Amino acid sequence: SAVISQKPSRDICQRGTSLTIQCQVDSQVTMMFWYRQQPGQSLTLIATANQGSEATYESGFVIDKFPISRPNLTFSTLTVSNMSPEDSSIYLCSVDLGQGAGGYTFGSGTRLTVV
Amino acid sequence: GEDVEQSLFLSVREGDSSVINCTYTDSSSTYLYWYKQEPGAGLQLLTYIFSNMDMKQDQRLTVLLNKKDKHLSLRIADTQTGDSAIYFCAVNQAGTALIFGKGTTLSVSS
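Protein sequences, first through last, are from chains A and B.
Heads up: the first sequence is residues 1 to 115, going by our numbering.
Heads up: the second sequence is residues 1 to 110, going by our numbering.
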C-alpha cells in the first residue's frame with residue numbers, strides 16, 4: 001500500500017509564530033484531508049484539499065488560521081498561523097487510497113506544542 | 001451532519017472477548033472503519049466493512065453491522081494486554097472525509 005510521509009513529526013513553537021506541516025504521498029490521490037486531534041480527544045476534520053482548487057474548510061476552521069496548499073496530486077501543506085497554546089495538538093493528514101489499496105490511511109502525525 | 005457515538009471505556013481480563021460498540025446517524029454511510037491508537041502513536045487501520053455487508057471476520061477481529069439500527073461493533077477474541085489502546089469508529093460516504101467517534105479506551109488486565 002502507499003506510504004504517507006508527514007513532517008515534522010513534532011515541534012515546540014513560540015506563540016504568535018506559524019508552522020507549516022508537510023504531507024507527501026507516494027501515489028497520486030484526488031483528495032487529501034487534514035485533521036486535528038487535541039489532547040485526549042478524537043479526530044476533527046479541519047479541511048479537505050483538492051488539487052487545483054481552494055480547500056474546503058469545516059465549521060470552526062478558517063483559511064486565515066489554517067491555510068492549505070495542494071500544488072500537485074501527491075503533496076499538501078497545512079500551516080498553523082499565529083499560534084496560541086490552544087493550538088497544541090496532533091495534526092494528521094489522510095488520503096483515501098481506495099478499498100483495494102488500504103482505504104483511508106493516515107500520516108504519522110505532527111505533535112505540536114505551543115509555549 | 002453525521003454523528004458517531006462510542007462508549008468511552010471498556011475493561012476486560014486477558015483471554016476474554018472484548019466488544020466495542022458504535023452508533024452512527026447517517027443511514028447513507030457507505031464505509032465503516034475501526035482504527036487503533038496506542039499511546040503516543042498514530043492511527044492504525046484495523047479493519048473496515050462496507051454497508052452492504054453484515055459481518056466481516058479477520059483473524060481475532062469480527063465486525064458486525066446492523067444497518068437498521070445503525071450500529072457497528074468490533075469484537076476482539078482472546079484479548080491480550082497488547083490490545084490495550086484507544087479504538088475509534090469512523091464512517092463516511094464514498095469520496096468524503098471520515099467522521100470519527102470519540103474513541104473507546106480498552107484496558108486489558110492480566
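Simulated from the structure, these hints should not be mistaken for laboratory data.
Treat the numbers as computed from the prediction; the structure is a model and nothing was measured.
One should not assume that every hint holds.
[What the hints assert, rightly or not] Facing chain B, according to a computed beta carbon distance under 8 Å, are these residues of chain A, among others:
#1 Phe33
#2 Thr48
#3 Ile63
#4 Phe66
#5 Ser81
#6 Gly103
#7 Phe106
#8 Ser108
#9 Gly109
#10 Thr113
[Said to hold, decoys possible] Non-contacting residues of chain B with respect to chain A, defined by C-beta distances greater than 12 Å in every case (computed):
#11 Thr25
#12 Lys70
#13 Asp78
#14 Thr105
[What the hints assert, rightly or not] Here are the simulated DSBU-like pairs of lysine-lysine, each with C-alpha atoms no more than 35 Å apart in a straight line:
#15 A:Lys65 - A:Lys7
#16 B:Lys56 - B:Lys36
#17 B:Lys68 - B:Lys102
#18 A:Lys65 - B:Lys67
#19 B:Lys68 - B:Lys56
#20 A:Lys7 - B:Lys102
#21 B:Lys36 - B:Lys70
#22 B:Lys68 - A:Lys7
#23 B:Lys68 - B:Lys36
#24 B:Lys56 - B:Lys67
#25 B:Lys102 - A:Lys65
Note that CB positions come from ideal geometry on N, CA and C, so glycine has one too.
Status of each hint after checking the structure:
1. Residue-level restraint check for Phe33 (chain A) holds (minimum Cβ-Cβ distance to chain B is 5 Å; threshold 8 Å).
2. Look at Thr48 (chain A): its Cβ gets to within about 6 Å of chain B, closer than 8 Å, so that hint holds up.
3. Nearest Cβ of chain B to the Cβ of Ile63 (chain A): about 17 Å, over the 8 Å cut. The hint is violated.
4. The interface hint given for Phe66 (chain A) is violated, since its Cβ lies 15 Å from the closest Cβ of chain B, which is over the 8 Å cut-off.
5. The beta carbon of Ser81 (chain A) is not positioned within 8 Å of any beta carbon in chain B (closest approach about 22 Å), and the interface hint is therefore violated.
6. Checking Gly103 (chain A) against chain B: minimum C-beta separation of about 5 Å stays under 8 Å; hint holds.
7. Among the interface hints, the one on Phe106 (chain A) holds; its C-beta lies about 4 Å from the nearest C-beta in chain B, closer than the 8 Å criterion.
8. The interface hint given for Ser108 (chain A) is met, as the beta carbon of that residue sits about 4 Å from the closest beta carbon of chain B, less than 8 Å.
9. Satisfaction of the interface hint for Gly109 (chain A) is found here, the shortest Cβ-Cβ separation to chain B being roughly 5 Å, below the 8 Å cut-off.
10. Because the beta carbon of Thr113 (chain A) sits about 13 Å from the nearest beta carbon in chain B, more than 8 Å, this interface hint is broken.
11. Residue-level check passed: Thr25 (chain B) sits 16 Å from the nearest beta carbon of chain A, beyond 12 Å.
12. Under the 12 Å C-beta cut-off, the non-interface status given to Lys70 (chain B) relative to chain A holds; the minimum distance is some 18 Å.
13. Against the 12 Å criterion, Asp78 (chain B) stays outside the reach of chain A, whose nearest CB is about 25 Å from its own CB.
14. Annotated as non-interface, Thr105 (chain B) brings its C-beta within 12 Å of a C-beta of chain A; the closest such distance is 10 Å.
15. At roughly 19 Å between alpha-carbon atoms, Lys65 (chain A) and Lys7 (chain A) fall within 35 Å of each other, so this suggested pair holds.
16. A C-alpha spacing of about 17 Å is found between Lys56 (chain B) and Lys36 (chain B), which places the hinted pair at or below 35 Å, so the restraint holds.
17. Our distance criterion of 35 Å between C-alpha atoms is met by Lys68 (chain B) and Lys102 (chain B), whose separation comes to about 22 Å.
18. Of the pairs offered as hints, the one joining Lys65 (chain A) and Lys67 (chain B) is violated, with about 39 Å between alpha carbons and a cut-off of 35 Å exceeded.
19. Straight-line distance between C-alpha atoms of Lys68 (chain B) and Lys56 (chain B) comes to about 17 Å, which keeps the hinted pair within the 35 Å bound.
20. Simply put, Lys7 (chain A) and Lys102 (chain B) have alpha-carbon atoms about 25 Å apart, close enough for the 35 Å limit, and the pair holds.
21. Between Lys36 (chain B) and Lys70 (chain B) the CA atoms are separated by roughly 21 Å; this keeps the pair inside 35 Å, and the hint holds.
22. The suggested pairing of Lys68 (chain B) with Lys7 (chain A) is violated, with an alpha-carbon distance near 42 Å, which exceeds 35 Å.
23. A threshold of 35 Å between alpha carbons decides the hint, and for Lys68 (chain B) with Lys36 (chain B) the separation of about 26 Å falls inside it, so the pair holds.
24. Between Lys56 (chain B) and Lys67 (chain B) the CA atoms are separated by roughly 14 Å; this keeps the pair inside 35 Å, and the hint holds.
25. Taking the CA atoms of Lys102 (chain B) and Lys65 (chain A), the gap is near 25 Å; set against the 35 Å cutoff, the hint holds.
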